Amino acid sequence: MVPTEYFLIVSAILFGLGALGVLIRRNPLVMFMSIEMMLNAANLAFIAFAYQLQSLVGQVFVFFVITVAAAEVTVGLAIIVAIFRMRENVDVDDLNKLSG
Amino acid sequence: MGAMIVFLAFAFIAVVTGIGVVFSRNPVYCALLLVINFFCLAVFYVLLNAQFLAAVQVTVYAGAIMVLFVFVVMLLSPAREQNPLRQMGRFGLIAMPLAVVFIGQIIFAVLAGTMSPVKGPYSLDQINRLGGSVQAVGRVLFTDYLLPFEVTSLLLIVALIGAVVLGKRRV
Numbered sequence: 001m002v003p004t005e006y007f008l009i010v011s012a013i014l015f016g017l018g019a020l021g022v023l024i025r026r027n028p029l030v031m032f033m034s035i036e037m038m039l040n041a042a043n044l045a046f047i048a049f050a051y052q053l054q055s056l057v058g059q060v061f062v063f064f065v066i067t068v069a070a071a072e073v074t075v076g077l078a079i080i081v082a083i084f085r086m087r088e089n090v091d092v093d094d095l096n097k098l099s100g
Numbered sequence: 001m002g003a004m005i006v007f008l009a010f011a012f013i014a015v016v017t018g019i020g021v022v023f024s025r026n027p028v029y030c031a032l033l034l035v036i037n038f039f040c041l042a043v044f045y046v047l048l049n050a051q052f053l054a055a056v057q058v059t060v061y062a063g064a065i066m067v068l069f070v071f072v073v074m075l076l077s078p079a080r081e082q083n084p085l086r087q088m089g090r091f092g093l094i095a096m097p098l099a100v101v102f103i104g105q106i107i108f109a110v111l112a113g114t115m116s117p118v119k120g121p122y123s124l125d126q127i128n129r130l131g132g133s134v135q136a137v138g139r140v141l142f143t144d145y146l147l148p149f150e151v152t153s154l155l156l157i158v159a160l161i162g163a164v165v166l167g168k169r170r171v
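Chains A and B, in that order, are what the protein sequence lines are.
Start counting the first sequence at 1; every next residue gets the next number (the numbering used here).
Start counting the second sequence at 1; every next residue gets the next number (the numbering used here).
Don't read these hints as lab results, they were simulated from the structure.
Values in this document were obtained by computation on a predicted structure and should not be read as measured data.
Treat the hints loosely; a few may be bogus.
[Claimed, not checked] Label-pair distances were calculated between CB atoms; the ranges are:
1. A:Met1 x B:Thr114: 14 to 24 Å
2. A:Met1 x B:Leu111: 35 to 45 Å
3. B:Phe71 x A:Met1: 13 to 23 Å
4. A:Ala82 x B:Val16: 32 to 42 Å
5. B:Gly120 x A:Ala82: 22 to 32 Å
6. B:Gly104 x A:Val92: 39 to 49 Å
7. A:Asp93 x B:Asp125: 52 to 62 Å
8. B:Ser77 x A:Asp93: 45 to 55 Å
9. A:Met1 x B:Val16: 23 to 33 Å
10. B:Lys119 x A:Val92: 42 to 52 Å
11. A:Val57 x B:Tyr29: 33 to 43 Å
12. A:Tyr6 x B:Val101: 15 to 25 Å
[As the list claims (entries may be wrong)] Okay, the calculated bits of chain B under chain A, using three or more residues with CB under 8 Å as the criterion:
13. 64 to 72
14. 106 to 117
[What the hints assert, rightly or not] Now the stretches of chain B that chain A is said to cover, found in silico as 3 or more residues with beta-carbon under 8 Å:
15. 1 to 12
16. 29 to 35
17. 45 to 57
18. 96 to 103
19. 137 to 143
20. 157 to 164
For every residue, glycine included, the Cβ atom is placed at its ideal position computed from N, Cα and C.
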């Protein structure tokens, strides 16, 4: 069986890549996708620990994280569509005013 | 031994698609690579005896959330594709080595710590005795974590109303 540390290393790599994506990319959709990757890396860590510690709390927590991520993606994409419906090219650096 | 081969193969695919999501020029490629990433994670969940969550991951994450993403990417696609590496701005060159350092720090913290010897009640035998992953997770979800479960339903209603309100045209 695969040791738990290997799963945690993969989780760490995916989390770091997600953080890098949020910092580097200017397209808001790709930034959002990187955030989803970070959430999934955390889910992997939860389930790895749930297997290691023989407890199902990790799996229940992942269930809730997936649900919250779904709700967050719904509202976040609605916001992005509402903001960027008018513009030609989407770039988060253009969003520097709180109104309009 | 077989589990190790499966793990290494899918870990490689997961990391490569993760790098592809971050550095890909076309946002549709990013979305599709992220779907492959989620499938690899579902395989990891099966390896870790979380079959119900593997199915939920494929159904909800790869099957619903990423479909939403692809819709919105198609709706808001830019006129020309831009090279993301050229668009990074001032922080791009600092961010990449910092990300490597960040990953290294987490890996060090993971490998330097010790696992807790205290084990919970749900070993593999106990889960199989309860009837499988779905029954075991359901048992925990509906007894110990019933309140968060009900609050999650409220959260979903709020998200639904929010999405509908945000999607309306100005009346």
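Cross-check of the supplied hints:
The hinted range of 14 to 24 Å is satisfied by Met1 of chain A and Thr114 of chain B, whose Cβ atoms lie roughly 19 Å apart. For the pair Met1 of chain A and Leu111 of chain B, the supplied restraint of 35 to 45 Å is violated, since their beta-carbon distance comes to about 18 Å. Look at Phe71 of chain B against Met1 of chain A: about 40 Å separates their beta carbons, and that is not inside 13 to 23 Å. Separated by about 34 Å at the C-beta atoms, Ala82 of chain A and Val16 of chain B satisfy the suggested range of 32 to 42 Å.
Between Gly120 of chain B and Ala82 of chain A the Cβ separation comes to about 44 Å, which falls outside the hinted range of 22 to 32 Å. One distance hint, 39 to 49 Å for the beta-carbon pair Gly104 of chain B and Val92 of chain A, is violated here, with the actual separation near 28 Å. Look at Asp93 of chain A against Asp125 of chain B: about 55 Å separates their beta carbons, and that is inside 52 to 62 Å. The hinted range of 45 to 55 Å is not satisfied by Ser77 of chain B and Asp93 of chain A, whose Cβ atoms lie roughly 18 Å apart.
As the Cβ distance of Met1 of chain A to Val16 of chain B is approximately 24 Å, the hint placing it in 23 to 33 Å holds. Hint check: Lys119 of chain B to Val92 of chain A, Cβ distance near 45 Å, so the stated range 42 to 52 Å holds. Between Val57 of chain A and Tyr29 of chain B the CB atoms are about 37 Å apart, so this pair conforms to the stated range of 33 to 43 Å. At about 21 Å, the CB distance of Tyr6 of chain A to Val101 of chain B agrees with the hint of 15 to 25 Å.
Residues of the region 64 to 72 of chain B with a Cβ under 8 Å from some Cβ of chain A number 5, which satisfies the need for three, so the listed coverage holds. Three residues within the 8 Å Cβ limit are the bar, and the region 106 to 117 of chain B against chain A gives 6, so the coverage statement holds. For the region 1 to 12 of chain B, the proposed coverage by chain A is satisfied: 4 residues have a C-beta within less than 8 Å of a C-beta in that chain, meeting the threshold of three. Counting residues of the region 29 to 35 of chain B whose beta-carbon sits less than 8 Å from any beta-carbon of chain A gives 3, enough to reach three: the coverage restraint holds.
For a cut-off of 8 Å, the count of residues in the region 45 to 57 of chain B with a CB near a CB of chain A stands at 9, and the three-residue condition holds. Coverage of the region 96 to 103 of chain B by chain A holds [criterion: at least 3 residues with CB-CB distance below 8 Å; count 5]. Coverage of the region 137 to 143 of chain B by chain A holds in this model, with 3 residues showing a Cβ closer than 8 Å to a Cβ of that chain against a need of three. Coverage of the region 157 to 164 of chain B by chain A holds. Counting CB-CB distances below 8 Å, 5 residues qualify, and the rule asks for three or more.
Violation of the numbered hints given earlier is confined to hints 2, 3, 5, 6 and 8; the remaining hints are satisfied by the structure.
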